[in-house]
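**Student:** So the protein lines, in turn, are chains U and L.
Taken in order, the first sequence gives residues 1 to 231; the numbers are from the working numbering.
Taken in order, the second sequence gives residues 1 to 245; the numbers are from the working numbering.
Just so you know, not all the hints are guaranteed correct.
[What the hints assert, rightly or not] Only part of the chain L face toward chain U is listed, based on derived beta-carbon distances under 8 angstroms:
(1) 57
(2) 72
(3) 75
(4) 92
(5) 94
[As the list claims (entries may be wrong)] Per the computed footprint, the stretches of chain U lying under chain L, defined by three or more beta-carbons under 8 angstroms from a beta-carbon of chain L, are:
(6) 98-112
(7) 135-142
(8) 145-151
[Stated by the list, open to error] Using C-beta positions, here's what the derived DEER-type ranges look like:
(9) L/15 to U/52: 46 to 54 angstroms
(10) U/53 to L/242: 52 to 60 angstroms
(11) L/182 to U/66: 50 to 58 angstroms
(12) U/91 to L/117: 17 to 25 angstroms
The set of hints was computed from the structure by calculation and includes no laboratory data.
Computed from a predicted model, the values in this text were never measured in an experiment.
Yeah, the Cβ is synthetic: ideal placement off N, Cα and C, and Gly gets one too.
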Amino acid sequence: MGFFEQIAAILQQYTPFFLDGIKNTLIIAALSVVLGAVFGTLMAIMRMCKIKPLRWLATAYIEFVRGTPLMVQLMFIFYGLPMVGIQFPDISWIPNFSRFMAGIVAMSINSCAYVAEVIRSGIQAVDEGQMEAARSIGFKYGESMKLVILPQAIRNILPALGNEFVTVIKESSIVSVIGISDLMYSTNGVIAITYRSLPCLAIAACLYFILTFTGSRLIAVLEKRMKHGRQ
Amino acid sequence: MEGNNIIEVRNLCKSFGSLEVLNDINTDFKEKEVVSIIGPSGGGKSTFLRCLNLLETPTSGQIIFNGVDLCSKKIDINVHRQKIGMVFQHFNLFNNMNVMKNLTIAPMKINGKSREEAEEKALGFLKRMGLEDKVNAYPAQLSGGQKQRIAIVRSLMMEPEVMLFDEPTSALDPEMIGEVLDVIKQLAYDGMTMLIVTHEMRFAREVSDRILFLDGGKIDEDRSADEFFDDPKSPRLISFLKKVL
């Protein structure tokens, strides 16, 4: 059998495996990005606030998380948290919920640090004169942020946030090592059954690419639309 | 020049770290007075202007605006800033809003004016400047001169008691300087109190009642416009005028 025939044969038999993996990968990526965005925003605000201890804390967190491997963070959460008595409960209607949660928490913690930097740089990229003009006309700091700075910062932030989503889809393949049945885990499962690693990996690579490419195209469309809206 | 003092500056000092930018400045500005501030780069002109509405916080001293010390911690600076218009070198129109929104957002959000009232007033200003066809344009679609004139209108919309101009023509192409200076002149004739940091010597002489020469963080000369140019006393001003005229 040739390479492509092998792929066809595997797909014929194991497509549900891969689809299930894709579903889980997307769930993990989406939840991680949403949680990462929420906490990343808080972290960005802390990093820019006037209270020094909060600023230091946020800076330390961001630097540490960005400076250590995701693999280590994942292991730390998965093995470490139960050791200090924090255990994610098992929920009957979501199989393997505790594992799933460990993966999502680790990915979120990681994503949060990157998102915080995306948001901070997005806000700081808005010309300082905009804030000065708003303040000089009599707007309070919060009003100036809401009416003038953030609407402009969003334009810088959204595309970068979309890229973060694409990155998270790829990086999430790492959660397979703690036994979460994402796309990579399913692929390994099919390899174990069929003993045909290259065709399986080729399928996985294609599927990941379809996910990320679709994602980045959608972002590009969004970006274009935002430019039209403005001028 | 008769009239009440609208701004009194007392012992104003400002340092950035170890760099002393303003050193014990004392002066008064009267109602309806037009004062230009001239001097070499780094002399503290812009910092002085920005201290007046507390965009820069003075290191020490007092800025008394209509009898209220703006440096006092007890006052709400935002209320007083509404009455001190400021025009910037780089215009700083709100890039996310079209011209009409730029002009009406502050009167509507801060003063609680109705949209109709604010828009009518904005249109009146725009018509006077021949810019009424730009109401829906975004700042990126305007020329520098148009942006600066709209920035001036944005300040006027708040009915300020004094206007601060921070090098309003320095970022403009030469052919657009005239249209902006004409607007400022018109304001002067209308009796607006104005402080203008500028490098346009001829304009300063024409429009100002009084000119300050700010050098090394001090007011080195404080004279009527004609005396300032015809009979300068300070040696540094004399050498500065030699270079620029």
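**Student:** Against each hint, give a clear statement of whether it holds in the structure.
**Tutor:** Here is what the structure says about each hint:
1. 57: 12 angstroms, violated
2. 72: Violated - the Cβ of residue 72 of chain L stays beyond 8 angstroms from chain U, reaching only about 18 angstroms at its closest.
3. 75: 13 angstroms, violated
4. 92: 4 angstroms, holds
5. 94: 5 angstroms, holds
6. 98-112: violated (count 0)
7. 135-142: Result for this restraint: holds, n = 6.
8. 145-151: With 3 residues closer than 8 angstroms to chain L, the stretch 145-151 of chain U meets the three-residue bar; holds.
9. L/15 to U/52: 46 to 54 angstroms: Since residue 15 of chain L and residue 52 of chain U have Cβ atoms about 21 angstroms apart, the given range 46 to 54 angstroms is violated.
10. U/53 to L/242: 52 to 60 angstroms: 55 angstroms, holds
11. L/182 to U/66: 50 to 58 angstroms: Between residue 182 of chain L and residue 66 of chain U, where Cβ atoms are some 54 angstroms apart, the hint holds.
12. U/91 to L/117: 17 to 25 angstroms: 57 angstroms, violated
When each numbered hint is compared with the structure, violations occur for hints 1, 2, 3, 6, 9 and 12.
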